Amino acid sequence: MGPLIPQEIITGQWDFVIALLIGASFGFILEASGFSSSRNIAGVFYGYNFVVLRVFFTAMIVAMVGLMYFSYFGWIDIDLVFVLPTYLNSMLLGGFIMGLGFVIGGFCPGTSYTAVAIGKIDGIFFAVGTFVGIFIFAEAFPLFEDFYTANDLGPITIGEMLGVSNQIVAFVFSIIAIVAFYVTWLIEKRVRKGMTEYKFE
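Under the working numbering, the residues of the sequence shown are numbered 3 to 203, in order.
No wet-lab data here; the hints were simulated from the structure. The reader is advised that the hints may include incorrect statements.
[As the list claims (entries may be wrong)] Label pairs and their computed distance ranges (CB to CB):
{"id": "1", "residue 1": "D154", "residue 2": "G101", "range": "29 to 37 Å"}
{"id": "2", "residue 1": "I160", "residue 2": "D79", "range": "37 to 45 Å"}
{"id": "3", "residue 1": "R41", "residue 2": "G165", "range": "36 to 44 Å"}
{"id": "4", "residue 1": "S167", "residue 2": "F137", "range": "16 to 24 Å"}
{"id": "5", "residue 1": "A182", "residue 2": "D79", "range": "16 to 24 Å"}
{"id": "6", "residue 1": "F173", "residue 2": "I120", "range": "34 to 42 Å"}
{"id": "7", "residue 1": "N168", "residue 2": "I120", "range": "31 to 39 Å"}
{"id": "8", "residue 1": "G131", "residue 2": "I80", "range": "34 to 42 Å"}
{"id": "9", "residue 1": "Y184", "residue 2": "F137", "range": "37 to 45 Å"}
{"id": "10", "residue 1": "F146", "residue 2": "I189", "range": "33 to 41 Å"}
{"id": "11", "residue 1": "D154", "residue 2": "R194", "range": "17 to 25 Å"}
{"id": "12", "residue 1": "G131", "residue 2": "G165", "range": "39 to 47 Å"}
{"id": "13", "residue 1": "A21", "residue 2": "I80", "range": "17 to 25 Å"}
{"id": "14", "residue 1": "I120", "residue 2": "G165", "range": "43 to 51 Å"}
Since we're looking at a predicted model, the values are computed, not measured. Backbone N, C-alpha and C fix where the C-beta goes; we use that ideal spot for every residue, glycine too.
With these hints in hand, go ahead and build the complete structure from the sequences.
Encoded structure:
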């Protein structure tokens with residue numbers, strides 16, 4: 003059955019409508035999860051709040067396992083699902099820069115717009131900075147285009163890179179998520195206990 007547009011079940015004119023609905027739903031879930039607060043997001047780096055890790059792990063596992071079941075029942079053709087091309091060098095550097103942004107600003111681009119939607123000033127500053135960064139990147143792109151496109155691995159998945167099936171990848175990540183949930187719960191418990199004792203002293 004799916005994906006709907008590549009198989010011409012619906013026309014490409016529905017692209018923006020579907021994007022709007024998914025974006026609004028995603029923003030609602032981010033806000034409901036507390037992602038409009040920079041303290042909640044930055045808390046993962048300081049050990050007192052791991053809601054970011056838990057929500058992203060949950061979303062990833064649900065999507066992975068869901069796709070496996072959809073493929074098994076013939077509801078979606080995995081071969082037609084778009085996979086973003088992997089440019090290893092630039093993605094590693096981009097991940098590092100985004101991590102710094104998380105620590106310093108307390109937001110990523112998506113969560114900053116969630117904060118903007120409810121009128122938070124720090125979110126507005128972060129969102130404006132995102133647009134400034136995009137403009138600088140676009141204007142300076144010819145200078146580092148070779149670095150950006152270096153180590154082009156194409157639209158490769160983790161399973162293809164490691165030579166294992168998607169089912170094994172989904173299973174391994176599910177185990178990692180369960181372990182991460184438990185370990186972060188222990189860390190939160192210890193850090194919050196320490197913060198409480200320090201506050202009373």
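Cross-check of the supplied hints:
1. D154 to G101: 29 to 37 Å: violated, 23 Å
2. I160 to D79: 37 to 45 Å: violated, 20 Å
3. R41 to G165: 36 to 44 Å: Check passed, 42 Å falls within 36 to 44 Å.
4. S167 to F137: 16 to 24 Å: With a Cβ separation near 42 Å, S167 and F137 fall outside 16 to 24 Å, so the hint is violated.
5. A182 to D79: 16 to 24 Å: Because 31 Å falls outside the window, the suggested range is violated.
6. F173 to I120: 34 to 42 Å: Cβ of F173 to Cβ of I120: about 38 Å, so the range 34 to 42 Å holds.
7. N168 to I120: 31 to 39 Å: holds, 37 Å
8. G131 to I80: 34 to 42 Å: Holds - the Cβ-Cβ distance for G131 and I80, about 37 Å, lies within 34 to 42 Å.
9. Y184 to F137: 37 to 45 Å: Roughly 43 Å apart at Cβ, these two residues keep to the hinted range, so it holds.
10. F146 to I189: 33 to 41 Å: holds, 38 Å
11. D154 to R194: 17 to 25 Å: violated, 45 Å
12. G131 to G165: 39 to 47 Å: holds, 41 Å
13. A21 to I80: 17 to 25 Å: holds, 21 Å
14. I120 to G165: 43 to 51 Å: holds, 45 Å
Checked against the numbered hints given earlier, the structure breaks hints 1, 2, 4, 5, 11 and satisfies all the rest.
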